[in-house]
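Enquirer: If you want the building blocks of each chain, they are given just below.
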Amino acid sequence: MSTIPAIRCNALIKNYGTLRAVDGLDLEVRAAECFGLLGPNGAGKTTTVEILEGLLAPTSGEVELLGRKWVSDGDWLRQRLGISLQETNLPDKLTVEETLRLFRSFYAAGPSVEDLLKLVSLTDKRRTWYVKLSGGQKQRLAVACALAGEPELLFLDEPTTGLDPQSRRQIWGLVEGFKADGRTVLLTTHYMDEAQRLCDRVAVIDKGKVIALGTPAELIQSLGGTEVVEFTCDATMDEASVNAVPGVHAVKSRGDRLSLTVEQLHKTLPLLLGHIQQNGRTLTSLSTHHATLEDVFVNLTGRHLRD
Amino acid sequence: MGQITRTTEHQHPLWQLTLMRWRIFAREPAAIFWTYAFPLLLALVLGIAFRNRPPEPVDVAVQAEPGAEPCRDALARNSSVHVRWLGAKEAHDALIAGKVSIVVIAGRSRTYEFDPTRPESRIARAVVDDALQRADGRTDPTAVQDQLVTEPGSRYIDFLVPGLLGFSLMSSGLWGVGFVIVDMRVRKLIKRMTATPMSRAHFLLSFVLVRALFLLGELPLLLAFAYWVFNVPVRGSLLLIAGLSTLGSLVFAGMGLLVGCRAQTTQTVAGLVNMVTLPMAICSGVFFSAARFPDVVQPLIKALPLTALIESVRSVMLGGAGVAGIARQILVLLIWGGFSFAIALRLFRWR
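Line by line, the protein sequences are chains L and Z. Take -8 as the starting number for the first sequence in this note's numbering and just add one per residue. Take 1231 as the starting number for the second sequence in this note's numbering and just add one per residue.
The hints are simulated quantities; they were obtained by calculation from the structure and are not laboratory data. Errors might be hidden in some of the hints.
[Unchecked claim] Computed far set for chain L versus chain Z, every beta-carbon distance over 10 Å:
{"no.": "1", "residue": "10"}
{"no.": "2", "residue": "52"}
{"no.": "3", "residue": "57"}
{"no.": "4", "residue": "58"}
{"no.": "5", "residue": "119"}
{"no.": "6", "residue": "127"}
{"no.": "7", "residue": "203"}
{"no.": "8", "residue": "209"}
{"no.": "9", "residue": "234"}
{"no.": "10", "residue": "245"}
{"no.": "11", "residue": "275"}
{"no.": "12", "residue": "276"}
[Unchecked claim] Once the Cα atoms are required to be at most 27 Å apart in a straight line, the calculated BS3-like pairs of lysine-lysine come out as:
{"no.": "13", "chain 1": "L", "residue 1": "170", "chain 2": "L", "residue 2": "129"}
{"no.": "14", "chain 1": "L", "residue 1": "170", "chain 2": "L", "residue 2": "116"}
{"no.": "15", "chain 1": "Z", "residue 1": "1418", "chain 2": "L", "residue 2": "116"}
{"no.": "16", "chain 1": "L", "residue 1": "84", "chain 2": "Z", "residue 2": "1418"}
{"no.": "17", "chain 1": "Z", "residue 1": "1418", "chain 2": "L", "residue 2": "198"}
{"no.": "18", "chain 1": "Z", "residue 1": "1418", "chain 2": "L", "residue 2": "60"}
{"no.": "19", "chain 1": "L", "residue 1": "84", "chain 2": "L", "residue 2": "123"}
{"no.": "20", "chain 1": "Z", "residue 1": "1418", "chain 2": "L", "residue 2": "129"}
{"no.": "21", "chain 1": "Z", "residue 1": "1329", "chain 2": "Z", "residue 2": "1319"}
{"no.": "22", "chain 1": "L", "residue 1": "200", "chain 2": "L", "residue 2": "243"}
{"no.": "23", "chain 1": "L", "residue 1": "123", "chain 2": "Z", "residue 2": "1418"}
We put the CB at the ideal spot given by N, CA and C, even for glycine.
Based on the sequences and whatever the hints tell you, model everything.
Expert: As C-alpha cells, this is what we get:
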C-alpha cells in the first residue's frame, strides 16, 4: 500500500467576497481509506471538496492529491480521479448506456460500459432516458460516471441526499465494493449513520474548519460515554449538580432540556433519577440513545447537524 | 470493482461529444421544427403572400356631363383603366375618399383633378392622359418595345430564399450554441464534464461540428423546396453556396459561443441572443433590401455578418457570382468568425 497520502491539504482558505467559506483547513487522507467530511449545510464541505477536485481555485493554501499538484499534473490527476458532484444533472434525453459511453470515452482506461452497467445494476435500464430514471437510479448512474476511469481516488459529494433508504443502501454497497478494492474514497455527508457505516475516519467541519478528527468510534468516545441521556424536569436543574452524579459526563443544556453522556446506563441512570428526586424535581420527559456522530457535533458546537 | 476487467477500448471523445449533441437535438421536436420546418413554412407563406400579380387597373372617374361620353368610352376601351361615370359632387367625393385616383372633367378643355402627393394618382394621370391623347390621334415619335421581367430570378420569392437561408443559419447558430451552452452551464453539466479528463477543445469543437452536420439537412432542404415549389433558380455554383453556408454557420456558431461564454442564466442568454439577432434580422436584408436604409448607415449594415452572408449567397444564387465577386463579404465573415471564436475562448466560463 502506498505511503503517499491520497489527499493532503494545508492551510486551505477560500473567500467569496467578504465571506470566508474555508478557513485554514488542514487534512490528510491516507491511501485506501474511506474518509468522511461531516458537517451541516454551509459548513464549507462542498467548497473544500471542489478545491480538492481541482474545480475551484483556493484563495490560499496547498493541495496535493496522490502526491501531485493540480498546477503541474492536472491531466495526470484527471485520469485518476472519479468525481460525483453534489447535484449532477446529466443530459435528460440521453440513455443510460449513451451517457456511460460518453463518460467512458474521456478516460484512457477503465471498465467496459457493460461492466459499469452491471456494477450499478442498471443493465435493465440501459435504453432509458436519464430524465425517466428514479432519484436512486440517477444517483447510481452519476456514481457509474465517476467510476468510468477506474479511479484511484473517488470523491462523492453527498451521494445519498434525498434518496429513499433502499437507494441509500445500494449506494453504500457500491462504496463498500470500491473500498474493498483498496481504493480511496472521500465522502461528504450530513447523515451520521452514513459516515458511521462507511468511513474509516471522519473530519467534522464547521464554519470552514476541522473541529474534530478521528475514527467514528474515537469521536464518540471523546464524549466520555457511549450512551446519551436527555431529560426535562418541572423546574430547572443545576448543570453542575447533575455533572457531579457519578458516571455522568459532558452535561449540556438546550433550553430546559439537559443532555449528558454516560458509560454504563444501567448504573448511572438510577443514581441520576435519585438525584433529581432529592432535589425535589419531577421528571417531565426522559430518553436515552446510543451516542452518534450527531451528538459529537452537538457537543462541539451546541447545534444540530441539520439546524 | 473486483470482477471488472480494465480495458483501454473506448470511442473517440470528440465523436461521442458530437453524437451527444446530435442526439439531444434530434430528440427535441421543437428544435427540429425551428431548424428545419420553420424556414420552409416562412418561405411558403411569404412566397404566396408576395407572389407576382398582374398590375391593378387605375380607378378613374369621368364627370358626367354632356359631351364627356367620347372621353368615357375611350378610357373604357383601355384595359389598364377602370372608369366610373359620376356626377360632379360624387366624383369629387370619390377622389377625396380614395375610391378613384383621378377625376377627368371633359368639357371644351380637359381638366385632370388629382392629388400629386399620392403616387397612384400620378400614375393614373400618366395612364389616363396617354390613353386619351392616343384616342385623339397622338402618335409616338419613337417606337419602343416593352421587355417584361417576371421570369424566375427576379421575383420576391427569389430575393427571399437566400435571406431565409441566412436568417435560419443565424438563428440556429446563436440559439443552438449560445442558449444550449448556458443551459448546460445552469444544469452544472459543463462543470461535471470538466471534472473528467475531457478536452475542452473537443467539447467546443463538438458544437461546431454538429452545426455543420445540421447544415447538411438545412441547406438542401430549403433550396430543394424553393426549387420545386417556386421554381427558384440557382444560377451560380452550388458548391460555392454550400461553402458560404458552412462559413456562415461557423461564424454564427462562434457568435453563439460568444454570447454564451459568460452568461449564468438562460434568461440572460435569451436576451443576448435576441439583442444580436433582431437588428440583423431587420437590417441585413432578409425580408427587404438592406439598400433601403439611409446611406449614412450603409457601411455599418454592410459590416454585419448576416448582411455579408445574405448578399454573397444572393449574388451567387441569383447573379451567378464567383468567389471574386463576393470576396469582400467572405472577408467580413472571416473577420467575424475569427473575432468571435478568439474572444469566446478567452472568456469562456467553465464552471
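Enquirer: Mind listing which of the numbered hints don't hold for this structure, in increasing order?
Expert: When the structure is compared with the hints, none of them turns out to be violated.
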